[in-house]
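Using the hints, build the complex out of the two chains.
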Amino acid sequence: MALNDRETTQLRAALQETVVKCSERCLYQSAKWAAELLISLPMPDEQSEPEDSQMTEVPSDGPPPIVVTGNSDPEEAQLEAREINQYLLAKSFFDCREFDRCAAVFLPDTLLAGVLSTSKTSNGGIRSNGKGKEPLSERRIKPAVPKLSQKSLFLALYAKFMSGEKKKDEESEMVMGPHDGATILNKQLNTISRFLEGWFLKKTSAMAGEVVGSQGWLEFLYGMVLAKDKNEEDALKWLIRSVHLYPMNWGCWLEITALVSRVEDLNRIARHLPQNILSFIFHIHTSVELYQSTPSLFSSLDQLLGIFPTSPFLLTCRSMLLYHQKDFQGAEVEFGQLLAQNPHRLDSLDHYSNVLYVMNLRPKLSFLAHLCSVIDKFRPESCVVIGNYYSLLSQHEKAVQYFRRALTLDRTCLSAWTLMGHEYVELKNTHAAIESYRRAVDVNRRDYRAWYGLGQTYEVLEMHTYALWYFKRAAGLRPWDHKMWMAVGQCLQKMGRDLEGIKALKKALVVDSYDDAGAGSSFGSGRESGGLMDPEILLQIAAMYERLGDAAEAKSYMEICVAQEEGTGDSMEGSVINIHADSGSEDRSRPVGAGGANNGTGVTAATSKARMWLARHAMSTHDYPRAMQLATELCQDGVEVEEAKALVRDVRVRMEIREESRR
Amino acid sequence: MARYLTPSKVALLALIELYTDSVVPTASTIPILSFILNQLLPSATPKSQPASPSPIDPLPYILDPKAFETLLSTYPATNGFPGRTLWDLFLRKIWHIDSLHALHDFFESGTKLLAKTTEEAKTDIENGIAPPPQAIIILSRTSPFGSFVRRANVEFERLKFNDITALWMSFVKWRQVTRAYWAKRSGGGLSRWAGDNALLNGQIEWGVEETEMLELVAYGTMDDEDADKDPVSTDDVEKVLEFQVEKMQKLGSRIPIEVKDKFRSLLDQSILIPSLSHYLSFLEAWRAGDYTTSFDNLHRYFDYTMQNRDRLFYQYALMNLAVLQSDFGCFDEAVAAMLETVSTARENKDLACLNFALNWLYHFGKAHPRLLSGAESTNMLGVEREGLAFLRIKAKEMGMFTLWSSSLLSEAKLGMSNGESVATVFANVLKSSHLIVDKNMKSMIGPQLAMQSSLWGRLGVVHLSKEYCDIFLSCHAKYALFDDTLRFTCRIAHLLTEKGKYEEAMLIMKSLDSNSLRSWKANQFWKKYCGILTLKRDLHRNNLDGADQLLSQLLQSGGSESDPDLAFETDILHIDYLMRRTDYSGALSKIEKMSAAMREDGNDLNLRIKLLTLKPLLQDKAGRPQRGFSVAVRAASIAWRARLIPALWAAMGAIANILTSLFEFSASSQILASVIPRALECENSTLNAQLYSFLVDAHMGMAGQAEAGSLRRTEHLTKCLEYIDRSFSEYSAVEDIEGQCQMIYKKGTIFMVLGDKFQANECASTVLELRKQWKLDLSEEAGGTR
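Residue numbers (the UniProt record's numbering), protein chains in the order written: chain A, 1 to 663; chain B, 1 to 786.
Isolated chain B, as found in the complex (with noise of 0.2 Å):
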């Protein structure tokens, strides 16, 4: 395999003299020099990609004639005779190298290209040598152009004489294709040996047969078996596998299965194989969660990069297999080699290295607290806040603009989850923000968006919440992880399900990109939230063996090493199950064991929040409401605090109904009042129902408290009516049957008060309607699994 000449790139070679020689019209100058560029530099691509007017038809990886016949023939040439094309101009030229000795000259020619050196035109002028005609474009030496045939000379340099003629059969078999055109082209049609012009030359001198003898000899046969086998070099293969290891670690992804074969087959063609393709089966087998094939590709590739730099890079090899130790769950290792890793950077002062170790400390310190314990007295951070201003300043002295930006949104999130003042944290968000623009740090965005959409999110803006994933979904996610493209579509989901739109919520997530998620984590991360997205469901319909079978799936996976995010929603719908299943003291005691788990690491107050809340409302199940009086209070003068506002109306809720069982009705309704309006704008409608519902309840009370035939108690008892319809409907909208059951249970008991029969009839005939229709939807569900 050639190291860096082939076929395709002396063609470019041509395009780029043809460009200088000024045929190339004025109108179709972009097109060419962008399909030039697109293949000297492909990290233009991206760019360019919109511009293009198909995008559907990429180039392919290796350029074939056909590529270049699709651009050029479509410009007319400027100086040729007409219905001439620029595709006729390429063709001569590169029929124009007749031999391998015009393949040298060709080369050769190339540096006349060039911008002449101050020195080379101080010599020419001494020498009488004219500066070049106008009419030719001349390439400066630094330019993309310029280096590209800069580098093509001295490849072709270095080249030895049979790499040469390798280069040089593999052009001709190159440019075959493109004979039976070039031969109506130049008229007359071609002769036998066209392109050779020693053999040409010879046919006259030799006689045919002895010319064909010798042409055999001398190219083989030339069109055998492995004539599609693309011409590639070392040079292509390893932009080819830069490219690939960019796109994975930008994006999180898996090689393609259909790009697979196709490495495959390239790097066996190659003697020499490139060190980088270890690190990419090294990130495959990673993403694949093949842990001890991703192990031992880490360490090959790390074997073979080490030969000449000692220990240098040593740093890296530790902070790679640590990240690789904490994926694959092994935290002891990878606190250990991480330790290691900072350690090293520290006494090779690779600064960088070292902020990002610690950074990479600081979040695992972040999600698993208890491993990090013992290793706390090595750990220069200290604590938790004066380690994260020391990142960030470090990050700044350093210009280390991804650290410093993920510091601020660190800082942002721990005073957020601290519940700290919001314009703090707004204040870092926007430092961050402000960052991420100005140095065009796309990776950040993910990150960013994620922090301000849950920022709106704890604010009870939902909608802008929704906005902000929403946003990143269509702008960024192209550029981005594909880890924040799941995380940010599984929150459009979750915001979905609490409206009740449950197909739609597993319609986004099945959208998801399939080839993606055909990494490990991510498909891990993907199963388990379509998982509680089902679950959720189940619960609210109330098919509660089959919650039961899927929580159990879930539970058991929910070891040390899931996400805490998804620990937690499993744990509060393990508690919402054993509600439902009416296992008070199991949920009681399961609430229990959570928070005491949170308050020995310090979680997240929402969370918290969230769980306090569960025990009154538990309370309230088990018949003695008053008992979570004071969790209540709590739990809402923290939300309040903390302005986590849509917990703040789950607790005020809460207090609600408290108030009610203590026969406050007015007061509860008081509060009813002034917190669904803003609880509607949560868009929860488990939350809407439930407090409609309490609010029935105070309502209820009230017209208990009102005299029986009196009007204030009609009135009531209307408003109960309206109040249950709502509640119904949002019920109803989330598919819980048990809440519209006992909804329409009420609205029956209020038409028995108020003497319709018919009415509560009706309600009656509606309860039997709807188990009757829920019993035949499980069964339908259950064939349908069946």
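Chain A extracted, bound-state conformation (with noise of 0.2 Å):
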């Protein structure tokens, strides 16, 4: 998706125009965001000397203005030419955090109560006031709402949700303290929807049922507050009507993302989005969210970083991908390049030290956080960086320490939540830990980690109903990953529904198998080798199918678990496909185990069970040369010896009794 000269002007031109409106309007975020884009882009350098002449024409429109960008809607530029000096005052009163007062300068608060009371009205409330009373507040209830530019009304209302939020935190006092939680909201969302809806009323023409004039902003922050209303539907369709009218809203776009939480749903709503360049960031950007990572997605990725070869953002995208395709080592060499061109961007750098937490790559690791504590220590990331440090180095009260400043700085920081949740899980406070949790999912409900970890945590806690509603979940946001189906597996097992077990666990070695076929080399994922099935699995489905009384599938399981000791080779092949038979009908016989040429995972607790079973098994099938066997070999692995020597003994005994009985 090459963009010729002109398309790449239009895009610098629109992303510059972009980077002034959003800092026009405080989005200070998504101003960063395009401008990082903007840089990104490379400039058509000296190559086009000759064409100079086309070079001057080309700054006819003149130096893209810095700070006022003029306004297409001739009315709107009128009002915003009106209003120029109060607006300035109220963008510095937003520069210096003072967002009453910014709101104050064009909505006085008379105003905005008076939205909220005529409101009221509206909606038909009883009026509990005295009816003499009623003239007065009439008149103050009905101020004229001035006319105000789209521009200065968005930075008005918009600081007063800011004023919100920040009240919001401030009563929310300390991490997972009493005021913690749901129950604090932002105050000021009730008026600004009211001031909101009113507006929108009164611009909508009649017939079409269009909001006539409307350049987008007001619509992202309505949306945002509904979304923050828990009104999602709604808010869903104003961000999406707000992207139509500005798409290059970068703001907007994420605040869509945090709706969609699962791909169904980006799928769904891909159709009603604009088709553009931003729409295709968003596209791929959101599903690295939902954690896929399909080939096509790297593909459309690649055209992107075409575009934009240096954009840090899209190179984060690409690094999340091969993070959760678990290919570690290729992501650790991504972030790492990241860093290396960008050395002061603390964005995403969690991520990188979640990446160098898994690799296990302490000096590493202590690098990145001492680079960030030098650049910022009081960032949400730095701290995340900082914790994961110390739980890597076993410290986990500092380490929750860390996590609990990066959430007093930032408390939808997802990843500290979940994070918190683990070391919380490590100090054994299960109770904090299910907190923790439990905010991160509240924040970001596509976090498979926290669900997971809550499951844990109830299976720590005995509680296995519970456990598997939230494996159930993690399984369905990763449906890929066999550690999910494990756990759900597990945990129907020890609830003593086998066969559902079963079923889940087989589920887990074929996305196993799978995932390994798909991303090739894997590392640190915890397995020694591609192509191997878990033993521990195995031996667990043979477990369970004994229970189930039956002995030949358990039998046939067993086998394979020892097999995996020598690896299966070029026969994996087959043993995935006859994995796939058996989880459609289960009758059918074992695959073929031994491999040779592949190295196997070698002898591990499981297949010492799985051996000692099938040893004792073949006992009591009076098959006392194979059970011989077995028992030797367990005497050589050095794994329960005792045991197996007893076994040794009796064989022999009855191999004599046997012998003599002959005779």
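It is worth saying that the hints were derived from the structure and are not from the lab.
Just so you know, even glycine gets a beta-carbon here, dropped at the ideal spot from N, CA and C.
One should not assume that every hint holds.
[To be verified] Here are the computed distance ranges between Cβ atoms for each label pair:
{"hint": "1", "chain 1": "B", "residue 1": "Ala121", "chain 2": "A", "residue 2": "Lys494", "range": "16 to 22 Å"}
{"hint": "2", "chain 1": "B", "residue 1": "Gly220", "chain 2": "A", "residue 2": "Lys166", "range": "31 to 37 Å"}
{"hint": "3", "chain 1": "A", "residue 1": "Met359", "chain 2": "B", "residue 2": "Ala121", "range": "31 to 37 Å"}
{"hint": "4", "chain 1": "A", "residue 1": "Gly549", "chain 2": "B", "residue 2": "Val154", "range": "55 to 61 Å"}
{"hint": "5", "chain 1": "B", "residue 1": "Val208", "chain 2": "A", "residue 2": "Gly213", "range": "54 to 60 Å"}
{"hint": "6", "chain 1": "A", "residue 1": "Gln337", "chain 2": "B", "residue 2": "Gly220", "range": "22 to 28 Å"}
{"hint": "7", "chain 1": "B", "residue 1": "Gly399", "chain 2": "A", "residue 2": "Glu426", "range": "50 to 56 Å"}
{"hint": "8", "chain 1": "B", "residue 1": "Glu209", "chain 2": "A", "residue 2": "Asp100", "range": "57 to 63 Å"}
{"hint": "9", "chain 1": "B", "residue 1": "Val154", "chain 2": "A", "residue 2": "Leu499", "range": "52 to 58 Å"}
{"hint": "10", "chain 1": "A", "residue 1": "Arg262", "chain 2": "B", "residue 2": "Gly220", "range": "45 to 51 Å"}
Right, dumping it as structure tokens:
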């Protein structure tokens, strides 16, 4: 998807305008994002020198206005021109984080209060006030809403919103304290939504049902407010509307992402979205957030990188994709490059630290923590990195301390909630762990690690029904992750629902091998080499079959389990297919286990157990030579030698008895 | 500023690790151990000082790699390649810490050096962990090394992350010096990012330029201008402060100027100023004689230390205050504060403080009897001797050996000044001496030796007395208060001047440590004493104008706050001056005044006798020697009783003189003949000269009684001549012009009597010569001073 020169120029102009517009409205993060993207567009550098005449043509628009952009709508432009002084005042207040004062420049408090009460009356609420006072309040509640440009209105309302958020944060007090939680709400939401409701009502032309002349920013704000109010359907509607009107507002896309909790939702809304480059980026970003990692996603990301070759954002997406694919090494390299290119950029370094954590690259993680701490130690990302480092050092108290700090800085810091949950689990503080996970899930329902963590914690507490529920959520989010299925299966096993458990574990085996095949060389995901099945799972399946009384199945799985020691070699494909068939109809014979060339897991506790079981089974079926063989193998393995020796003796005695009886 | 850990401490840990790895050869174990211990236990420094070969090259206060290098590069490693020294091994250790994580690991591994507790050992055995190999030296948990390792671990554990990064960065900076050497040693040179694993690996991955950028971001510019700022921790600062305070309290000196700036820069770096630094500035200001500042700082110090312990240490604050007040001459306030100390200490049942305060009050009362008389009713000490006994018993009960021995000494002193049994005094002195030696109280050696020295001085064994002074100065001065040193030096100077060795005395006075003399009080004392010495010389040389100048200054400064000994000395010299001015009535009234004051205060017997003997001498000068008879006899009898030998001889001399005036020449000469040999032991030239001249007078009288021209007369006259010569030589030793002239006159007269005109003429011309010479000297001196 290469763009020609003209398109590039257009895109650049659009991005420039976006940066200015976003910063005009104090949407700092969006402005930053757009600017990052802008700079990653390669410049049509000196090679275009001969076309100098054309180049002089381009700046005919004049240099992009830095502080104030013009407005294409003449009416709005006129309004803006008239308000320029107030606007500048309000903007400087906002920059100084005096939100209420900023809002009051355009919307005095009396007016906002009026908005609240008018809407109450229009809702048909009963007036409790005496009739005598009515005229007075009537007069007060109907102050004429001054005719404001949309920009000023947005700024004022956004300031109000921010003020509410700030107060909310302040009232929540300590992280995980008594006031922290859903009880504290942004008190300004009501006012803003009522105001905007009224505004849109006024602007909507009766016939088309469309808001006339709106430029998208207010829709964005309205959508955001609605989302905060948990009115997600409406929020999505307004946000999509905003994106249609002004597609370059990345903040708006992010809000949409936050509202999409599964792939189906994404596909559903995709039809309603405008088709442009931002929407493309949005699609990729959201897919990454949803842990998708399909080859098509890679190719589209590569296309985008063709346009913005150095965009840190897109590179981050790429590393995250690799990370979700469990290609940790690749992700590590990508993140490392990203860091080297932008040494001061702290965004998404927390993910980098996760990668390093998983890979157990301690020196590197320590360096990263050092770097973050030097750059800015009071950024949530830095705190998460440091917390991760401490967690790696098994200093869990300190880790918790840093995650808490991260949360104090930003309560919506998802990874900090989840990681803090992990730390609390380590500290055996299950109560706090559950709360942390719960908060993580509340912030973002797509976080499978939090779901999984919740399940684990409940499992520790032996509340298997709960655990099962959470494990299922996690498995739903990551159906291709064998760990999730394994958890589900084990949970079911513990609850005594063996049949379902077997299904789940088989699923785990399937996705496991599939995942391996798909990801190629995976590293550090806990398995030694590709193509092998986890003996633990096999053992469990066998155990469940045994409990169900299906000895044959049990035996076959035990044998597969033992076979993993040597590895499956080229017979991997066969085994996979067999398993597939198994999960369909359960009467198939076991797959051929012994391979040879491929190195297996070696002796593990699970295989030894399986071997022991097999030996006993052979005993019970009077297959003494087999039992003998297995038991001697066991002796060699060095696991449970005593028991194995006892078994050998036993076998010998019986064999002798049999010999004698034969005589 | 870090709380405890600094790069040098990390390096010390590495050194300890090196030691425990058993790569340190046996021969070099002791220097290395003492090097480490020197750092860990600063109090161990003086002991190891004589052992170290080069005491002139002391270790820097904050260890830099250089210090380690000089120590380690001299010792070969046991199991290395030939030519490899411990320094190489050490460098490998510290360069092995190649990332922040390695630093964590390094501290983690520190615990492995420690001996396991029994429980740990048990769990280890249960878990099948083998005990550590024999080759490794295991540190006991409570040993200095062990506790250092543990403390370092705990402190590291406590650090916040960015403190750890700060430590890491300063460590990287710290070892940068050794980079060149290490690069050479490790062979093949070091890569650019040696010492940081992450960067080293990153270079391959990211490229050189990017890595450099990252390094800059992470470490900042490495060799910036604040490189000279040594990384110190609050712990270091506290240690230094403690050391300095101890030094100041022990030696009574001020902070040396060159150290002062260093201190300031250290304290500026630290955000957390230890409250001790206020105490330090209090001491400094106190020594500097800056009353208001010291007051201010003392209050500040106690304000900062008060916060958590309510009134528990109030008495100490009061005590400090009282001492301070008294030092600045605010005696009333001092007494009030000390009395409050006593009552607070009693209230808090702080017997140690109480005893100390009472001891102080006792001494204060001795020094300023008038001031305490008002407070006598509240004084629980009662009569002097009982008070002392009380203190002694209390000190014994409490095990406060310092107080105990000091009360013993006080008792001895009391006995001595009251002229009581010398045996008892000796008993007390010996008791205290036993205590001091037994408990190794270095701080008490000074008073002890002073006591002994003055005791022998009083008993007339002057050389022994001087010997004690010398012993102190050469053996104990290092550990003792500077005040003591000063007093001993003054005493020696005094003894020297008595022998007329002015130059030497002044030299000794000037040889005192100039830094210690910066202390205000000591400086005052020193100046006054120097003044007294010069005054003495001036008087002897009859330089009365100069003496007048000095005297007026000395008398002026000698208010109530001045040292009583000095005041007495000054007064005596004043009397001498008046006598030389022939203002006899003035001198007499001064003597009367002084003796009246003494009677009231119950002052030292020795001084009283001195005063008493002055009186007949004055009478003698005034031409009425007989009037002093009873006084002289009294002085002699008191001196005899109290065994104040030098004073006794002086008194006997006065008596002999009176006898001479009563024409009891033979008695007089007998007295003198028996006195002089012993008096000579006292090595007091003035006294000797005087006695000889009295003897001359006595013999002259006897010659007069003999018939003219008889053999007896000639015999006496020859004896006269002989004694005159002796007296003359004694006078000339102390440069007493007047005495010399007198003697020559007498000599001339005798020659006249003998009819030897030529010799008489010679004498007359000698006198003239002397006078001329004297005038020349005076004018020269005046020119010199001008």
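A quick look at each hint next to the structure:
At about 39 Å, the CB distance of B/Ala121 to A/Lys494 disagrees with the hint of 16 to 22 Å. Between B/Gly220 and A/Lys166 the C-beta distance comes to about 34 Å, which sits within the given range of 31 to 37 Å. For the pair A/Met359 and B/Ala121, the supplied restraint of 31 to 37 Å holds, since their beta-carbon distance comes to about 36 Å. The given range of 55 to 61 Å is respected by A/Gly549 and B/Val154, whose C-beta atoms sit roughly 59 Å from each other.
Separated by about 56 Å at the C-beta atoms, B/Val208 and A/Gly213 satisfy the suggested range of 54 to 60 Å. The given range of 22 to 28 Å is respected by A/Gln337 and B/Gly220, whose C-beta atoms sit roughly 23 Å from each other. Taking 50 to 56 Å as the suggested C-beta distance range, the pair B/Gly399 and A/Glu426 conforms, at roughly 53 Å. For the hinted restraint 57 to 63 Å between B/Glu209 and A/Asp100, the CB-CB distance of approximately 48 Å leaves it violated.
The hinted range of 52 to 58 Å is satisfied by B/Val154 and A/Leu499, whose Cβ atoms lie roughly 55 Å apart. Range check, A/Arg262 to B/Gly220: Cβ separation about 47 Å, and the 45 to 51 Å hint holds.
When the structure is compared with the earlier hints, violations turn up for hints 1 and 8 and for no others.
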